[in-house]
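All chains, full assembly: derive it from the sequences and hints.
Respectively, the protein sequence lines represent chains E and U. According to the numbering used here, the first sequence holds residues 1 to 358 in order. According to the numbering used here, the second sequence holds residues 1 to 358 in order.
By construction, these hints were calculated from the structure, which means they are not laboratory data. Treat the hints loosely; a few may be bogus.
Calculated lysine-lysine pairs in the DSS-like style (CA-CA distance at most 30 Å, straight line) [claimed, not checked]: (1) U:K347 to U:K239; (2) U:K260 to U:K184; (3) E:K312 to U:K186; (4) E:K179 to E:K312; (5) U:K347 to U:K24; (6) U:K184 to E:K24; (7) U:K24 to U:K184; (8) E:K239 to E:K24; (9) U:K186 to U:K260; (10) E:K312 to E:K24; (11) U:K129 to E:K312; (12) E:K120 to E:K179; (13) U:K24 to E:K312; (14) U:K312 to U:K129; (15) E:K347 to U:K312.
Number of protein chains: 2
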Amino acid sequence: MNRHHYGLILAGGRGTRFWPRSRKRSAKQVLNVVGDRSLIQATVDRLAPVIPPERLWILTNEHLRDTILEQLPEIPPNQVLAEPAQRNTAPAIGLAAHILHSIDADAIMGVFPSDHVVAKPAVYRSVLKSALKGAARGHLMVVGIQPRWPETGYGYIEFPRGTLPGAAGPVPVLRFHEKPELRKAKRYVAAGHFYWNSGMFFWRADVLLEQLRRHLPRTAAILASLPRFGEDSFAEKLKEAFPLCDNISIDFAVMERADKVSGVPAGDFGWNDVGSWNAVYELLPRDAGGNVVGQDTICLDARNNLVDAPGKVVALLGVNGLIVVDTPDALLVASRDCAQRVGEILKTLEQRNREDLL
Amino acid sequence: MNRHHYGLILAGGRGTRFWPRSRKRSAKQVLNVVGDRSLIQATVDRLAPVIPPERLWILTNEHLRDTILEQLPEIPPNQVLAEPAQRNTAPAIGLAAHILHSIDADAIMGVFPSDHVVAKPAVYRSVLKSALKGAARGHLMVVGIQPRWPETGYGYIEFPRGTLPGAAGPVPVLRFHEKPELRKAKRYVAAGHFYWNSGMFFWRADVLLEQLRRHLPRTAAILASLPRFGEDSFAEKLKEAFPLCDNISIDFAVMERADKVSGVPAGDFGWNDVGSWNAVYELLPRDAGGNVVGQDTICLDARNNLVDAPGKVVALLGVNGLIVVDTPDALLVASRDCAQRVGEILKTLEQRNREDLL
Chain E
1 MNRHHYGLIL
11 AGGRGTRFWP
21 RSRKRSAKQV
31 LNVVGDRSLI
41 QATVDRLAPV
51 IPPERLWILT
61 NEHLRDTILE
71 QLPEIPPNQV
81 LAEPAQRNTA
91 PAIGLAAHIL
101 HSIDADAIMG
111 VFPSDHVVAK
121 PAVYRSVLKS
131 ALKGAARGHL
141 MVVGIQPRWP
151 ETGYGYIEFP
161 RGTLPGAAGP
171 VPVLRFHEKP
181 ELRKAKRYVA
191 AGHFYWNSGM
201 FFWRADVLLE
211 QLRRHLPRTA
221 AILASLPRFG
231 EDSFAEKLKE
241 AFPLCDNISI
251 DFAVMERADK
261 VSGVPAGDFG
271 WNDVGSWNAV
281 YELLPRDAGG
291 NVVGQDTICL
301 DARNNLVDAP
311 GKVVALLGVN
321 GLIVVDTPDA
331 LLVASRDCAQ
341 RVGEILKTLE
351 QRNREDLL
Chain U
1 MNRHHYGLIL
11 AGGRGTRFWP
21 RSRKRSAKQV
31 LNVVGDRSLI
41 QATVDRLAPV
51 IPPERLWILT
61 NEHLRDTILE
71 QLPEIPPNQV
81 LAEPAQRNTA
91 PAIGLAAHIL
101 HSIDADAIMG
111 VFPSDHVVAK
121 PAVYRSVLKS
131 ALKGAARGHL
141 MVVGIQPRWP
151 ETGYGYIEFP
161 RGTLPGAAGP
171 VPVLRFHEKP
181 ELRKAKRYVA
191 AGHFYWNSGM
201 FFWRADVLLE
211 QLRRHLPRTA
221 AILASLPRFG
231 EDSFAEKLKE
241 AFPLCDNISI
251 DFAVMERADK
261 VSGVPAGDFG
271 WNDVGSWNAV
281 YELLPRDAGG
291 NVVGQDTICL
301 DARNNLVDAP
311 GKVVALLGVN
321 GLIVVDTPDA
331 LLVASRDCAQ
341 RVGEILKTLE
351 QRNREDLL
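Below you can see the structure in the form of structure tokens.
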């Protein structure tokens with residue numbers, strides 16, 4: 001372990017596609033949808049051998065901070081920050097870089113989503129180490145994941161033709177590509193040197209701050225105007241300043257514009273972004289009927305269903321390919337094919353002024 | 001109204017096909033599955049203009065008696081009896097005939113299921129009056145319902161060829177037919193003089209008792225040995241004697257064996273025995289998407305579903321032809337095609353010793 005390695009876990013998302021289990025105060029990252037530990041707990045667990053909890057920082061929102069503090073007592077509470085407003089990833093990452101650099105001028109930071117699954121943590125950690133090495137040498141590093149299918153929901157990273165997964169050392173990134181249409185996605189996968197953008201980034205804090213000053217000067221200036229982290233006025237000033245930052249992703253703001261952007265073309269480390277209830281179905285073990293259900297569920301002529309209904313007996317009769325999620329005040333019954341569309345329900349709830357269910 | 005007219009409402013059934021809404025203590029007849037009033041309340045309501053509540057008697061079981069007393073304050077509480085054991089319809093009807101005859105030697109009684117729906121109560125009451133007239137003349141009367149489809153779940157009554165619905169006066173019943181196979185049911189419907197057996201019977205109490213003595217002598221003797229209704233020892237003696245009665249239906253015990261069995265071949269009075277959740281779906285008004293749901297249900301690409309989930313927001317997404325019934329401790333998600341099989345779930349619950357959910 002290197003004492004200059006820090007981790008920033010981004011945990012401000014809502015994960016609306018996990019409604020009704022997910023709510024503002026219990027977003028996807030704090031749910032244990034695929035195991036005994038919540039997704040953010042699992043994130044901290046798998047990072048620990050490389051970056052220990054005392055050097056992990058979490059950016060989240062006011063709704064989730066208490067739950068995260070409770071779930072992660074090993075992380076110093078003052079390192080769990082609630083963003084005063086939702087401002088996409090660039091200001092959040094910039095803020096963390098600002099703080100880390102003020103603490104340790106040699107800080108090297110990794111940025112991690114809080115709500116993904118990694119089935120092969122040992123492979124994952126070797127990827128981290130490659131990425132941290134590249135970052136130490138001044139590169140802006142991104143982790144690419146070898147695509148397993150022509151996914152249209154992810155951005156792609158274009159490495160030089162012939163790049164092989166697991167390549168040693170930083171590989172230059174030629175270009176970032178937005179979420180493609182299916183035809184394009186198929187071309188990317190067939191070409192072989194296009195990788196999924198994992199959302200994991202690594203760099204020296206000073207390098208990132210320099211890039212922000214160049215490409216996002218207003219936000220950089222706002223962050224530079226903040227008092228030193230730890231001073232009494234920090235929280236108050238942050239509350240004033242943060243909402244003024246540009247609402248933009250780090251991909252747009254920096255990665256697509258900067259020089260010396262490199263990546264780790266990673267092989268299979270069992271990555272899954274758990275994008276919907278259907279991903280949960282795919283990740284969990286099924287019974288002989290293809291059902292992912294607890295022992296309190298009765299299946300009669302029921303196949304390939306997912307049931308999440310703690311404390312309730314559920315009977316499935318003659319149904320196929322359903323997602324059933326029960327909570328005390330709301331119940332979802334959806335076709336697995338439509339799992340990506342669960343977020344649409346929240347729009348209807350908003351129209352009906354059911355803030356209590358969001 | 002004739003002061004010798006009495007009604008016996010049979011309310012001892014469980015209605016397992018309405019699980020999880022129906023339980024031992026909240027059987028189908030006390031549920032308001034198709035309106036604001038429970039099925040037994042609606043039964044009393046529609047009888048009232050012909051047989052007032054003070055001359056209605058109810059036979060039920062220990063689990064349901066309190067709920068029925070609560071739902072029907074207009075019925076004298078001592079006329080709501082809990083059978084000490086479940087013994088099919090012959091002993092229950094015999095007991096009521098015994099009591100009514102001891103109160104009124106000229107009693108004419110109608111026997112009514114407690115869990116059916118009648119959409120045209122005015123037509124229904126004219127049928128009742130015809131049946132009561134036939135009963136007054138000494139006939140054992142049964143109400144036949146003109147079949148609307150070749151149902152295999154009902155028994156059939158065979159009237160003489162050419163019998164028309166709404167015929168005046170008692171029409172002799174040639175034969176009772178058990179639940180037929182589909183081919184036979186189709187023949188019955190095509191023939192035109194076969195009617196569904198409604199389970200509604202009418203007779204003088206003394207005539208029925210005479211028939212019981214002839215065809216079910218042991219049960220008749222047991223009932224005759226009871227003290228007079230109203231005496232202190234009645235309940236205690238009933239508790240001892242009733243379980244000794246023959247476990248047999250009135251159809252088998254009397255109607256299929258007796259002479260002078262007649263019927264009313266009724267036209268359409270909007271009868272429905274509400275045999276399953278699918279019947280509830282058929283009975284209730286649907287929205288444009290064919291869904292029978294409350295205003296707390298959100299339907300996105302969801303069609304032809306039934307939702308019964310009081311106090312809970314339900315979201316249906318991309319599903320079709322489902323029955324969703326939510327209760328605090330159990331949830332059913334079934335295909336409407338399988339509504340008849342809901343009872344099978346109770347067998348599994350019994351095997352799992354979940355008496356709490358029965």
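Inset, instruction - Any hints from earlier that this structure breaks? Give me their numbers in increasing order, please. - result: Numbers 3, 4, 6, 7, 11, 14, in rising order.
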